[in-house]
Structures are given as structure tokens and as C-alpha cells.
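**Student:** These are the residues of each chain, in order.
There are 2 protein chains.
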Amino acid sequence: MREIVVGAAQLGPIQRAEPRAAVVARLVALLDQAKAAGCDLVVYPELCLTTFFPRWFMEDQAEVDAWFEREMPNAATQPLFDRAREHGIALSLGYAELTPEGRHFNTQILTDRAGRIVGKYRKIHLPGHPEFDPERAFQHLEKRYFEPGDLGFPVFRNMGAWMGMLICNDRRWPEAYREMGLQGVELVLLGFNTPSVNSQNAGEGPEMRRFHSDLSVQAGAYQNATWVVSVAKAGVEDGHPLNAGTVIVDPNGVIVARGETEADELVVHPCDMDATVFGKATIFDFKRHRRIEHYTRIASQTGVIRPDGTER
Amino acid sequence: MREIVVGAAQLGPIQRAEPRAAVVARLVALLDQAKAAGCDLVVYPELCLTTFFPRWFMEDQAEVDAWFEREMPNAATQPLFDRAREHGIALSLGYAELTPEGRHFNTQILTDRAGRIVGKYRKIHLPGHPEFDPERAFQHLEKRYFEPGDLGFPVFRNMGAWMGMLICNDRRWPEAYREMGLQGVELVLLGFNTPSVNSQNAGEGPEMRRFHSDLSVQAGAYQNATWVVSVAKAGVEDGHPLNAGTVIVDPNGVIVARGETEADELVVHPCDMDATVFGKATIFDFKRHRRIEHYTRIASQTGVIRPDGTER
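If you're matching them up, the sequences are chains A and B in order. Quick note: the first sequence uses the working numbering, first residue 224, plus one each step. Quick note: the second sequence uses the working numbering, first residue 224, plus one each step.
Just so you know, the hints here were simulated from the structure itself, not pulled from any lab data. Wrong hints could be hidden among the right ones.
When chains are identical, the list treats them as one kind, so a pair holds in a single copy or across two.
With a straight-line cut-off of 30 Å between C-alpha atoms, the simulated BS3-like cross-links for lysine-lysine are [unchecked claim]:
(1) K510 - K258
(2) K503 - K366
(3) K366 - K510
(4) K366 - K258
Please put together the full structure from these sequences, using the hints given.
**Tutor:** Below you can see the structure in the form of C-alpha cells.
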């Protein structure tokens with residue numbers, strides 16, 4: 224038994240005008256709850272310090288950059304790091320990263336129990352579009368404000384386990400889990416902001432969106448025999464609803480804990496890393512069963528090429 | 224609207240002593256039902272002409288080869304092909320293939336409405352083990368009797384749609400769906416024989432096995448915006464229970480039709496190929512969203528290599 228008690232720290236909405244200090248106070252309150260609940264590790268959602276700003280079309284780069292963090296920790300987040308160290312709780316949190324070279328990433332970090340950053344991931348599967356799209360019910364401009372991550376899908380040793388991270392839309396891509404599965408991942412930490420309605424299809428509402436989220440996370444967990452902790456930012460941000468759907472999924476793909484609100488809420492589950500062993504040794508023993516000679520399109524061909532040569 | 228009415232022709236058990244002629248008569252009866260139901264295409268399960276013989280340990284190669292077909296159609300299956308041509312119904316069926324060169328494959332074929340074979344797939348992800356395993360509750364010797372398929376994951380044009388095939392354990396491997404998704408697949412035809420209890424874990428019973436099957440098929444459908452028709456052989460074969468779980472899944476990953484028995488049963492659904500368009504053009508528009516530079520492990524590394532260099 225290698226148990227890690229995980230707290231999935233779902234956030235309710237963050238309005239555009241809400242300052243980082245107020246948000247960090249909410250994060251710290253959840254961290255104190257996590258301490259009381261015996262958590263070893265707390266996971267916050269994607270872009271957890273601000274509203275989901277990619278819904279807003281901005282042309283002034285200074286206005287854009289104001290949503291980004293130039294270092295981590297920084298003045299605004301230091302109280303969170305300090306409290307985590309005090310409690311001896313490891314953290315994973317998402318934020319918009321502006322590098323010294325001026326590069327923009329949608330980033331998540333992982334700390335150890337001493338508050339030291341031991342891992343970083345930069346979101347690879349950016350959804351949405353780069354220019355204003357008048358056809359959409361609302362904008363989703365991640366392809367405008369971020370570049371795709373440049374760190375691959377790294378796996379880190381932390382607290383005696385192999386941990387990786389994914390961000391939001393990454394969870395729908397089996398390649399993302401598999402890259403980590405091939406590094407022996409045992410615990411995937413994932414945060415998301417998902418609009419409750421598809422901006423291009425008003426008929427795809429909260430229930431279908433929740434189903435797609437659960438389905439993707441459960442399949443990623445099962446097919447790689449790993450725990451997945453998937454944490455939402457939820458509720459209505461300046462009139463735009465974000466879907467809830469915080470879940471903790473075991474290595475069988477079973478949802479073992481689920482958020483019940485659209486507000487700040489801590490979902491706790493003890494995750495035994497040894498529960499990953501059976502799947503990794505039997506049906507998903509990659510070494511015995513994978514046939515990479517038949518997977519060449521996956522890593523060499525980006526888009527669709529039909530047998531008749533047509534593309535899409 | 225490009226509608227294909229699909230009949231998923233689940234089979235109940237086939238006992239070891241049951242001759243092929245008796246099985247083919249059952250297949251023909253299902254085909255007649257399919258005609259009455261207005262089907263355009265009927266899909267039968269994996270190894271649909273015999274019992275699931277890989278549960279039996281055999282050392283005499285002649286005894287093994289008796290379970291294989293040396294040509295298709297052959298004398299036993301010609302009545303099925305004749306009836307299909309009469310009805311104008313396309314077929315997909317699985318069988319054990321022995322080639323003129325003496326190679327053994329777990330194979331599935333696809334015909335057009337005129338009964339001509341237009342596609343062949345040979346199972347790539349063979350589960351189980353090559354030698355007698357005294358630790359198991361029962362044997363699963365696919366790695367003994369078959370070699371892995373050598374045709375990749377081909378996609379075929381048939382009846383105005385792009386169709387591919389998978390067999391049983393293939394359905395748990397996202398690489399399999401993705402290879403076909405990258406060729407624009409719209410309809411995946413899949414047959415399986417899945418023991419109701421895990422031979423290495425008596426605690427993993429029919430409900431969990433059904434859940435894993437549904438989860439894998441639904442994720443494969445959603446993440447590639449394709450229809451999947453997944454057809455069971457079910458019921459107790461010579462004392463060995465096979466799990467039911469025939470489903471037809473739409474390109475949103477939703478189960479739209481489901482078998483209700485463990486016997487011969489036709490599950491019918493009209494599948495609109497144009498329902499695949501939205502997903503392929505938006506969230507799973509591979510050309511815009513996939514990042515193959517970060518997928519290199521998938522096609523170059525078979526087993527797990529952890530960041531510290533240890534393997535499994």
C-alpha cells in the first residue's frame with residue numbers, strides 16, 4: 224500500500240474583477256480544509272488565479288499580459304506556498320505563464336511537501352481559435368493567447384509515486400495519457416475550465432459536456448492503469464457558465480469521488496498507488512501487447528488522410 | 224444524411240461440438256431477421272463460426288488447425304454469402320484464418336452488398352499467453368494460436384462510407400481507433416469474445432468487464448468522431464461464460480442501442496455517417512489540434528521506461 228490522500232480543490236467562478244489576492248485567500252481556505260481532512264496533495268484547476276480570460280477578445284498585448292504570471296511563486300501566490308509548506312501538503316496548480324523571453328504558456332506546476340517546485344507542464348492541446356470568430360456564441364481564444372507547450376508530457380517522482388499533469392482539453396486526447404503511461408505514470412493531475420455549452424453547437428449542453436469529460440478521463444485512467452484527479456473551475460463567470468465535473472478516477476476507470484457543487488469544494492480520496500500494479504502487469508502490460516510497427520501514423524501524420532488521398 | 228442501417232448480430236454460445244453448418248444456419252437466421260428489419264449491413268462477432276477455442280490448450284497442430292478456415296467463403300459459409308447477396312446486405316464477420324503459407328490469424332472480413340469481400344483485418348492486439356498457465360482459472364491462448372495481424376488498421380470505402388474493423392481486445396487500445404481515425408473512419412465494425420470473469424482476478428466479474436468494454440468503445444467513438452458497432456458472442460460455452468455487451472455507439476460516444484440477452488439477437492440502428500462531420504470538424508479536427516512532435520514515444524517505444532530508467 225502506497226497511499227496518497229488527494230484533495231481535488233474545485234473552484235467556483237472567479238469574476239473578471241476579482242483580484243488575485245482574493246482568489247489566493249480562497250485557495251488557502253481550501254488548503255486548510257485539506258489539512259483537516261488529512262490530505263497529502265491538493266490539486267487546483269487550470270488558470271486558477273483568474274477568470275477564464277480566453278473568453279475575452281483582446282488586441283492590446285499589455286492587457287493580455289496582465290492575466291499572466293512572470294514568476295511562480297510571486298507576491299500574490301506566496302501566501303499559498305507558505306501555508307502549503309506549513310501544512311506539509313504538496314500542491315499542483317494551473318496558471319498563465321509569461322516567461323522572461325516573452326513566451327506565453329497555459330501551465331501547471333507540481334510541488335513537493337516542502338513547497339519546492341518539482342515539476343512543470345505546459346498545455347499542448349490548445350482548443351479554440353486565434354482570431355475573433357463572429358460565428359461562435361462566445362469566444363475561446365486559447366490559440367491566440369498561448370503557444371502550445373514545449374515540454375512534452377513529463378512524469379515526475381514525488382512522494383514515492385510517478386506523477387504527471389494534463390490541462391483541460393488535453394484530457395480528450397488519448398495520446399496525452401499514453402505518453403505518460405509509457406513513462407509509468409501512476410497519478411495524473413488535471414485541471415479544467417469547460418464552458419457548459421458548446422460555443423459552436425447550442426444543443427450540446429452541460430450533461431453531454433459532463434459525459435464527454437468523464438468518458439475521456441475514465442478511459443485515460445483505465446487504459447493506462449493510473450489514477451486521475453480531474454478538477455473543475457465551475458459556475459458562472461461574468462455571465463458565462465463553466466461546467467462542474469470534478470472527479471477522482473481509479474486505475475480501473477471507476478469514478479470513486481465526485482464534486483457535488485459549482486462552488487469552491489474539496490473532494491477527498493485516499494489513492495493507493497499500488498492499485499495501478501495489476502493493470503500495468505496484465506491487460507495493459509505494454510511490453511507484451513503493444514505493436515508499435517502499426518502505430519506509425521499516430522506520430523508522423525497530423526491530420527486525416529483518407530485512403531483515396533483526400534484530406535481534412 | 225448518409226444513413227446505413229446496421230444490424231449487430233450478437234451470437235449466443237457455440238459449444239465445442241457444434242458443427243459449422245449448424246452455426247451458419249444461425250447466422251443465416253439472423254440475416255433473414257436483418258432483411259426484415261431493413262438492414263444494409265450485418266456485423267457478426269469474432270470467431271463467429273466456432274466456439275472460442277483459445278480457451279483450450281492443444282499441442283497437436285492438426286487439432287488446432289481444424290478450428291481454422293483455409294478459404295473464405297468456403298463450403299460451410301457459402302450459404303451465408305449466398306443469402307447475403309440475395310438480400311443485398313453487406314456482411315462483416317470474424318473467423319480463424321489459415322493462409323496457404325501456413326500462417327494463422329484472428330481475422331475479420333467486410334463484404335459489399337453483392338457479397339464480394341472488399342476488406343480484411345487481422346487482429347493486432349492478441350491478449351493472453353503462449354504457454355499453458357497453471358496460475359489462471361482458465362486458459363486464454365490467443366498468443367499461442369495466432370500471430371499478430373500484419374495488415375495495420377486499414378480503412379475501406381463501402382456503401383458510401385469509410386469503414387474499419389477491430390477485434391475484441393483491440394477495442395481497449397486507443398492507438399487502434401486513432402490509426403483509423405487518421406484515415407477518416409466513419410464506422411468501426413468490431414466483434415468480441417470476452418470471458419465474464421478475469422482469468423487472473425476472480426473479483427473482476429461481468430459488471431466490471433462490461434463497464435471496461437463500454438468505456439473503451441465509447442471513448443474510441445467519441446475521440447475519433449466515428450460510429451462503432453461492437454458485437455458480442457455471449458453465454459456459456461462448455462461451462463465457460465462469455466460476457467454479453469453488444470452496443471452501437473454514435474460519434475458522440477453515446478450508446479444508442481444495446482443487446483438485452485446472452486443469446487442470438489439482432490440489435491438494429493440507423494447510423495447517419497454525416498453525424499461524424501461535426502466532431503471531425505471541431506474538437507477533433509486533428510489537423511488543427513494534434514501535436515505529433517510530442518507523440519514520439521507512442522510509435523517508437525513498446526514498453527514502459529520510467530524517468531529513472533527502470534522498465535516494466
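**Student:** Taking the hints in turn, state whether each one holds.
**Tutor:** These are the hints, each one checked on the structure:
1. K510 - K258: neither (40 Å within a copy, 45 Å between copies)
2. K503 - K366: between (35 Å within a copy, 18 Å between copies)
3. K366 - K510: between (36 Å within a copy, 14 Å between copies)
4. K366 - K258: neither (37 Å within a copy, 50 Å between copies)
When held up to the earlier numbered hints, the structure conflicts with 1 and 4 and fits the remainder.
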